[in-house]
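The lines below spell out each chain.
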Amino acid sequence: MSAVALPKAARPRLSIGPAVIVAGATLIVFIYSLPYIYLLLTSFKPANDVLQIPPSFFPARVSLENYAAVLANPSIPPAFGNSLLVAVGSTLLSLLLAVPAAYGASFFRTRLSGWFLLFALVTRMVPSVSLGLPLFSLMRTLGLLDTPLALILAHTTISLPLAIWMLAAFFESVPSELEEAARIDGCSRFGALIRVILPVVTGGIAITALFAFIASWNEFLYALLLTSQRATTAPIMISQFKTAYGLSWGPMTAIAVLYSAPVILVSLVLQKQIVGGLTFGAVKG
Amino acid sequence: MIGAARYTIPARRSLSQTRFATLMMAPAMLFLGVMVAYPIILLVTNSFFHVELLKPAARAWIGLDNYLKVLSSGRLADAAGRTLRYTVFALFFELVFGFMAALLFNAIGARSRWHRTVFALPLMVSPIVAGILWRFLLIDQVGIINYALAGLHLIPDPSAISWLGNADIVLYAVSFPDIWLTTSFVALVVFAGLQNIPRDLIEAARIDGAGAIQRFLLVTLPLLRPVIAVVLIVRGVDAAKTFDLIWIQTEGGPNFQSEVLSMNIYQRMIRYGDVGQASATAALFLAVMLVLAVLSYRFIWGRTRSV
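Sequence lines, in order, name chains U and X.
In terms of the working numbering, the first sequence is residues 14 to 298.
In terms of the working numbering, the second sequence is residues -3 to 303.
One should not assume that every hint holds.
Now the in silico label distances, taken between C-beta atoms and shown as ranges [as the list claims (entries may be wrong)]: (1) Arg124/U - Asn192/X: 25 to 35 Å; (2) Ser155/X - Leu158/U: 38 to 48 Å; (3) Thr39/U - Lys65/X: 51 to 61 Å; (4) Val290/X - Leu125/U: 18 to 28 Å; (5) Ile197/U - Ala206/X: 48 to 58 Å; (6) Ile66/U - Arg195/X: 46 to 56 Å; (7) Arg195/X - Gly37/U: 20 to 30 Å; (8) Arg124/U - Ile37/X: 19 to 29 Å; (9) Ile193/X - Thr39/U: 16 to 26 Å; (10) Ser155/X - Leu105/U: 13 to 23 Å.
Everything labelled a hint here was simulated from the structure, so no lab data went into it.
C-beta: ideal position from N, C-alpha, C; glycine also.
Construct all of the structure, not just a fragment, from the sequences and the given hints.
Structure representation (structure tokens):
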């Protein structure tokens, strides 16, 4: 987990001055972040200035017009509400299923657990459209189309395998003596998990929950297939700003900021854990 | 604690380890069975039927007809070719840019903390937002990128390039937000890999007289192989199944020139209402992806082990 956060004391000898490299890196990072900064600045322009010719990087006047237009649209707040409901629902469901499953699969190595982890990994390779099509048929048969429940279930097919793999890695870092000690003290196997093991991995569970939440919050294709009106989520609403209302770029930049800024702020605060969560599988090899 | 473990007396109510592990995995297995395995069986079943979206009850068994039709359809072959070109193009630039950034961060070490913080921000940004943003940057007539290029005299005037309207370049232009979003993922994963390389190995190569480029090619790169493998597989799969990022920019247009496989399947299902053909295409796509993933896994890990 902490591989990223551990800078080594000695650095390679540099032939170019270190200051030049730092300056170069700073320039690259600045250019890299320019597109998002531009989006942010554009969202605060008056709607008429958004497509002005020639385009200007900074707003000539700061205005909340675009945000007002977005919030005044009666279908936007419910869409954000649906996104939140579905993301929370699928996060809770995937944790409820993944915590015991990852514990069972990684703490007690059985033949089944190997197959189980492999199946969870293979699920990640399935193109969303290949699963989305039959899920549409299934949800129609069950009468669940255009309900948040359908989307919660669909998004859990993405977040559950992810959560199983992340949590399995966290459980593996817990020494097995801890479980044995708890059992000697009279805990059942399940009691040992709840009372002794879980408190040790709360950090891991929190970061897994964040990944599951964002996977659902950002998901588009299942939402497009499985919802039409009542259960529509924010990304679908954003894409319809394009089609149904013509190209109203001003409100579109505002809604894109409203949709992405919370995620970016969370990423900023939890940067170390997120980078760790994304990279630990890779660097372990 | 370790000493005590030797005297472990199994608690009275205790289950065997295997049974307990199975019990713990059972709910998740049930869920994946009902929501992943069963739908995939349903997908394969549907691919042998003529089913229309609006009349799901009227099903007719037609054997391999759907497969024969889609495999002989030029539009599918085109979409598959585009998916491949898109994936290779996006992956190539993500790796090149990601590697450059990671090496740069590694060279300045601890002082790159702030740089890496900024670089981590796009990790969680949705492809929808990236797609909208780049569509806005590249928009015909008023896009700021064309104005910047014209200002630098790289193009004669701001309307010289229609990034998303020109059928010849649109497939590559729609990958810009993908490259923008994912370069940071590659950079941070490779950086973590670089930090894990024992310093004495590189130092030893230096003492033996290896130059900077030799050290990179002969020591660093081979040691990074598992990291590169993971990045290639994870990102390759993601790029090949891209839907939302391209959909939000062009919906596959103009003239289908940015229609990739996911989109081709979606259109067969929703626009043309042909569940059977859409299912056959989706099943083929799924099979190819799984085979590719298994092959690349075998190839990369098999060779790593023998090294």
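Results of checking the hints against the structure:
Checked against the hint of 25 to 35 Å, the C-beta distance between Arg124/U and Asn192/X comes to roughly 31 Å, which is consistent with it. The hint said 38 to 48 Å for the Cβ distance between Ser155/X and Leu158/U, and at roughly 44 Å that hint holds. As the Cβ distance of Thr39/U to Lys65/X is approximately 56 Å, the hint placing it in 51 to 61 Å holds. For the pair Val290/X and Leu125/U, the beta carbons lie near 21 Å from each other, so the given range of 18 to 28 Å is met.
Range check, Ile197/U to Ala206/X: about 55 Å between beta-carbon atoms, so the 48 to 58 Å window is met. The hinted window of 46 to 56 Å between Ile66/U and Arg195/X holds, with their beta carbons roughly 54 Å apart. Between Arg195/X and Gly37/U the beta carbon distance is about 23 Å. The supplied range of 20 to 30 Å therefore holds. Taking 19 to 29 Å as the suggested C-beta distance range, the pair Arg124/U and Ile37/X conforms, at roughly 24 Å.
Taking 16 to 26 Å as the suggested C-beta distance range, the pair Ile193/X and Thr39/U conforms, at roughly 25 Å. One distance hint, 13 to 23 Å for the beta-carbon pair Ser155/X and Leu105/U, is violated here, with the actual separation near 51 Å.
Of the numbered hints listed earlier, the single one contradicted by the structure is hint 10.
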